[in-house]
Structures are given as C-alpha cells and as structure tokens.
Amino acid sequence: MSAYKWLVGIFLCGWLMACTAAPTPLPPSPTARLPRPTATTAVPTPTPLRWWHPTHPIPTITPYRCHPPRPCPLRETYCLWSGDTLYDIALTAEVDFTETVRLNEEIYTGFSGSTVHLPAGAIPPALWERPRPTVTTLADLPFGESGYFLAADNRTKRVALTFDIGYVPENEPLFAYLASRNVQSTFFVLGVSMSKRPEVVEAILANGHELGNHSWSHGNMQWMTDAEILAELRDTETAVQNAFPRASTKPFFRAPFGALTRSVIQLAAQEGYVLIGWTVDSQDWLEGATSETIYERVITFACPGAIIVMHDMNAAKWDALPRIIDFLQANGYELVRLSELLPPVGEP
835 MSAYKWLVGI
845 FLCGWLMACT
855 AAPTPLPPSP
865 TARLPRPTAT
875 TAVPTPTPLR
885 WWHPTHPIPT
895 ITPYRCHPPR
905 PCPLRETYCL
915 WSGDTLYDIA
925 LTAEVDFTET
935 VRLNEEIYTG
945 FSGSTVHLPA
955 GAIPPALWER
965 PRPTVTTLAD
975 LPFGESGYFL
985 AADNRTKRVA
995 LTFDIGYVPE
1005 NEPLFAYLAS
1015 RNVQSTFFVL
1025 GVSMSKRPEV
1035 VEAILANGHE
1045 LGNHSWSHGN
1055 MQWMTDAEIL
1065 AELRDTETAV
1075 QNAFPRASTK
1085 PFFRAPFGAL
1095 TRSVIQLAAQ
1105 EGYVLIGWTV
1115 DSQDWLEGAT
1125 SETIYERVIT
1135 FACPGAIIVM
1145 HDMNAAKWDA
1155 LPRIIDFLQA
1165 NGYELVRLSE
1175 LLPPVGEP
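Per the numbering used here: the sequence shown = residues 835 to 1182.
Quick caveat, the hints were computed from the structure, so don't treat them as lab data. Just so you know, even glycine gets a beta-carbon here, dropped at the ideal spot from N, CA and C. Be aware that a few hints might be false.
[Unchecked claim] Ranges of calculated distance between the beta carbons of each label pair, as one might list FRET restraints:
no.	residue 1	residue 2	range
1	Gly1166	Ala1061	23 to 31 Å
2	Ala1093	Ile957	23 to 31 Å
3	Thr1134	Ala1061	21 to 29 Å
[Claimed, not checked] Straight-line alpha carbon distances no greater than 16 Å define the calculated EDC-like cross-link-like pairs of lysine to aspartate or glutamate that follow:
no.	residue 1	residue 2
4	Lys1030	Asp974
5	Lys1084	Asp1069
6	Lys1084	Asp1115
7	Lys1084	Glu1174
8	Lys1084	Glu1105
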C-alpha cells in the first residue's frame, strides 16, 4: 500500500470512530426547569372561516400530490437522543453501519436532535425494541440554545409544523388551507400585528390551530431590560385577548431569532411560558430562499418528534408548503400542534 493510501485509511478510521458517538450534553441549567403555568379558561370555538379578509387577492396554490411522474421519496429517519451512537442505531435498525455513516456524512452533527437517515430496508424506529427515553414532563426534555426543540417520542411519526408570523396578505388563506389538509399548527404571533389585525387571531383558532407568543416587536431580547422583556410578553398576550374572548398565547413562547438569556428564561417562566425552539429550520427567511431550497431543507431534516419552523408566507413558500405536507403525509407523518406533540408542562 502506498503512503498516500495508508494515510487515507488512517484518516477514514479515525473519522468513523469520532463521528459515531453522540456527545453527552451539559446538564440543563436550573432555569430550564420551568413551573407549570396557571391554567387558563378554555377558548370558545369560533365559527370556521374560509379566509378572513376576502378583499385581498388569494395566492394561487399549485396542486401537488405524490404520484408519478413526481412521487414523494419514501425514507425512514430518526432524531438523535442523548447517548445514541450511529453504531447502535444501525444495529437496532438492522442495517449496515458503513452505509448508515455514508448516508449521513453531510448532515450528522452528533448532538441531540440531529437527523439520521436510515438505509433502505431499515426497521422503522416506531418498531424498535429497545427502551424509549423516560420523559414525564416537558422539563425532562433536552433544552437547547433556543428552548425545547424535540418531542419525547422520537420514534412515532408525528411532527409539529409551526409558524412565526406577523401580518402579510399572503398569510390569509394559510389557516384554512392547513385545515383542509388535515394539518393543525401552532402560530407564534407578533403582538403589534395582532393589535392591528385582530381577525388573524380568530382565523387561527377557527381553523383548529393554536397560538404562541413571539413578542410584541420582534426585537432581540438579549439587549432588552427586564421591564422591556416583560412588556413584550404581556402586551402580546393582551393584544390576543382583546382580539378574541379568552384567547391566550400561553404556555408557548418562541423568542425572536431564538435569542435567549437567563433573564429571558426566568421572566418567561414568571409569566407562565416555556421556551420553544426548533428541530428543523426551514430557512425560509434567508434572502434568496426558493421553493426548492425550503422544500429540500425540510424533507432532509424531518424526523419523528421534530419541531419545524416556517414564517410569513410568500410565493416561494406557497409553492413549497403543499409539497412539504405531501412528503410528510406520504411518509406516514401526522402534523399536530405543539400541545399534542410535547409532554405536559411542569409536574403531573
């Protein structure tokens, strides 16, 4: 063997050994364990709305279904849990370890929430015999830089398709469209937008979705005082309550940009919120994002228990969204609200 081949062999062996173990994360800070928020009165069910402002033009939605010549690819994926290794995953799924490494060499991070693609013929994670993670409340989940980011059940094909929104006309048909596709979502709303367009709140609830808090102004809370942070949370909750009787954004809060500090975590808990991040960032917010980049990003990283984040709609997203839903449903996923995906908040 030449010296070059010998060096390449040494490099590959080292790489395979280094990338197969999921590092043990640091224990969560005490502030990651958040108290149960005060129970709120049930929200009355408003009359379903097809869309709530028919004077605006409705974006054309191109039908997309999984059938030839454009079938949805079928695949099995798994969201990494702390302590998992690629070797153990391949062994449990009864697939070749080397092929598992090859499939994931461009996307594998080794951290909790990392997506692992399983080779063809793998036993689906839902049928694995090894014990599942022991989780009884939300506080038992891993807490990332932006909040809780993965469901306790990372074996069953359920995901939460979430949206961070203000107001744009292109959002108007979104709520009814999702309902028509048997998709229920969680919408993190901006208070300033809901105060000006209160009908958005009713449209969200009327179509079976739920609300979360995304702040009042979408400012970076890392640079805010405690008083400013509290105002962002409280004013948004007030705007939602003013928009529809007994509506609430609690208990979920997603910070703008996912930017957290210890103060943000503590003050959010004080107000009855838990911090929610994401498993899959669609990156639909990037300048130059296209329907293809959005679609490919979501279907590449979707896995059981994932939280997917998208934002205000535009033409590219309207082209990508039906395809994303088609892909997920063709692969056996149920798209649910966060309250259905995550365990209870606080102690049972």
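Consistency of the hints with the structure:
Look at Gly1166 against Ala1061: about 48 Å separates their beta carbons, and that is not inside 23 to 31 Å. Judged by the Cβ atoms, the range 23 to 31 Å given for Ala1093 and Ile957 is violated: they are separated by roughly 40 Å. Roughly 42 Å separates the CB atoms of Thr1134 and Ala1061, a value that falls outside the hinted 21 to 29 Å. Between Lys1030 and Asp974 the CA atoms are separated by roughly 38 Å; this puts the pair beyond 16 Å, and the hint is violated.
The straight-line distance between the Cα atoms of Lys1084 and Asp1069 is roughly 13 Å, inside the 16 Å bound, and the hint therefore holds. Note on Lys1084 and Asp1115: the hinted pairing is violated, with a Cα-Cα distance of about 22 Å set against a maximum of 16 Å. Of the pairs offered as hints, the one joining Lys1084 and Glu1174 holds, with about 14 Å between alpha carbons and a cut-off of 16 Å not exceeded. For the hint linking Lys1084 to Glu1105, the alpha-carbon distance of about 9 Å falls within 16 Å, and the restraint holds.
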